[in-house]
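> Could you build all of it, start to finish, from the sequences and the hints given here?
According to the numbering used here, the residues represented by the first sequence are 36 to 307, in order.
Be aware that a few hints might be false.
What the hints assert, rightly or not - Label-pair distances were calculated between CB atoms; the ranges are: (1) 242 <-> 303: 44 to 52 Å; (2) 50 <-> 173: 16 to 24 Å; (3) 60 <-> 200: 54 to 62 Å; (4) 307 <-> 279: 15 to 23 Å.
Treat the hints as calculated values from the structure; they're not laboratory data.
We put the CB at the ideal spot given by N, CA and C, even for glycine.
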Amino acid sequence: MPELPEVETIRRGIEPHVLGRRLQRVVVRDRRLRWPVPADLAVRLEGRRVERADRRAKYLVLHLDSGDRLLIHLGMSGRIWVLDPHEPLVKHDHLDFELDSGRLLRFHDPRRFGAVLLWGADEPDHELLRGLGPEPFDPVFSGDYLFERSRGRSAAVKNFVMDGRIVVGAGNIYAAEALFRAGIRPGRAAGRVSRTEYATLAARIREVLDEAIVQGGTTLRDFAGANGESGYFQQDLYVYGREGQACRNCNRPIRRKVIGQRSSFFCAHCQR
DNA sequence: AGATTCGCCTGAGAGC
DNA sequence: TGCTCTCAGGCGAATC
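What follows is the structure, encoded as structure tokens:
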């Protein structure tokens with residue numbers, strides 16, 4: 036599943052292929068994504084030049100010379116490939132963005148939880164980006180910030196840091212890993228976590244995301260040629276998906292508990 | 001307002 | 001082999 040590190044890796048991967056390039060032709064084969072692909076997508080994009088390739092949370096934001104911005108979210112199963120022309124279509128290849136370089140950007144998404152949308156030049160912000168919390172690498176994001184935002188909250192700290200309105204990018208895997216590294220149990224009420232603990236947690240969230248981006252950069256270096264396989268961070272996981280296996284710190288079994296409808300993994304000895 | 005649940009999708013894996 | 005069932009998961013919308 037593409038989490039923030041993978042989206043950032045993809046952004047870095049496609050950037051050299053799209054910067055300064057014009058979108059010559061846009062082919063929409065299936066509009067049925069999380070939200071319907073805008074009917075005027077091709078008309079608005081064709082002939083436009085890509086001026087910037089940004090990321091906000093898990094959205095890729097391609098800025099065009101028209102002022103419009105192309106928003107791409109990969110959802111659960113979305114992929115973006117940079118391909119040579121005439122690459123055979125496979126199932127779930129929903130959109131192509133043909134570049135004036137002769138290559139094309141192909142959007143592939145079996146589960147269709149992803150989205151391809153336009154953020155118009157005349158819109159100061161986009162409703163899906165409005166209200167998002169800070170990026171984890173933004174200086175605004177700190178232990179003090181988490182502490183202040185969490186006062187009086189009874190929800191589990193894991194759900195709290197996974198809330199995109201609080202901070203973006205801490206998905207299920209990385210929230211679990213950061214909480215382990217910070218020694219905080221995922222089920223504790225967010226409002227009962229101390230300022231000191233939040234300082235550690237904020238640092239660990241940045242740390243795991245940063246490490247994962249480095250890993251992604253390694254595994255996906257050649258992604259332009261083919262796939263963006265996930266699992267690159269697997270070998271560095273301390274708790275996620277390791278129910279019953281030995282804690283890498285204390286050897287006691289890792290436990291799994293459903294918190295807020297999501298599987299949560301933790302070590303009851305190392306996390307308090 | 002905050003907390004919780006639902007729903008959208010398909011593929012993978014388990015069980016029969 | 002093939003069918004059925006369960007689970008996973010981002011995240012907005014609806015509901016409590």
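> Compare the structure with each hint and give your call.
Quick rundown of the hints versus the structure:
no.: 1; hint: 242 <-> 303: 44 to 52 Å; in the structure: violated, 22 Å
no.: 2; hint: 50 <-> 173: 16 to 24 Å; in the structure: holds, 20 Å
no.: 3; hint: 60 <-> 200: 54 to 62 Å; in the structure: violated, 38 Å
no.: 4; hint: 307 <-> 279: 15 to 23 Å; in the structure: holds, 21 Å
Checked against the numbered hints above, the structure violates hints 1, 3; every other hint is satisfied.
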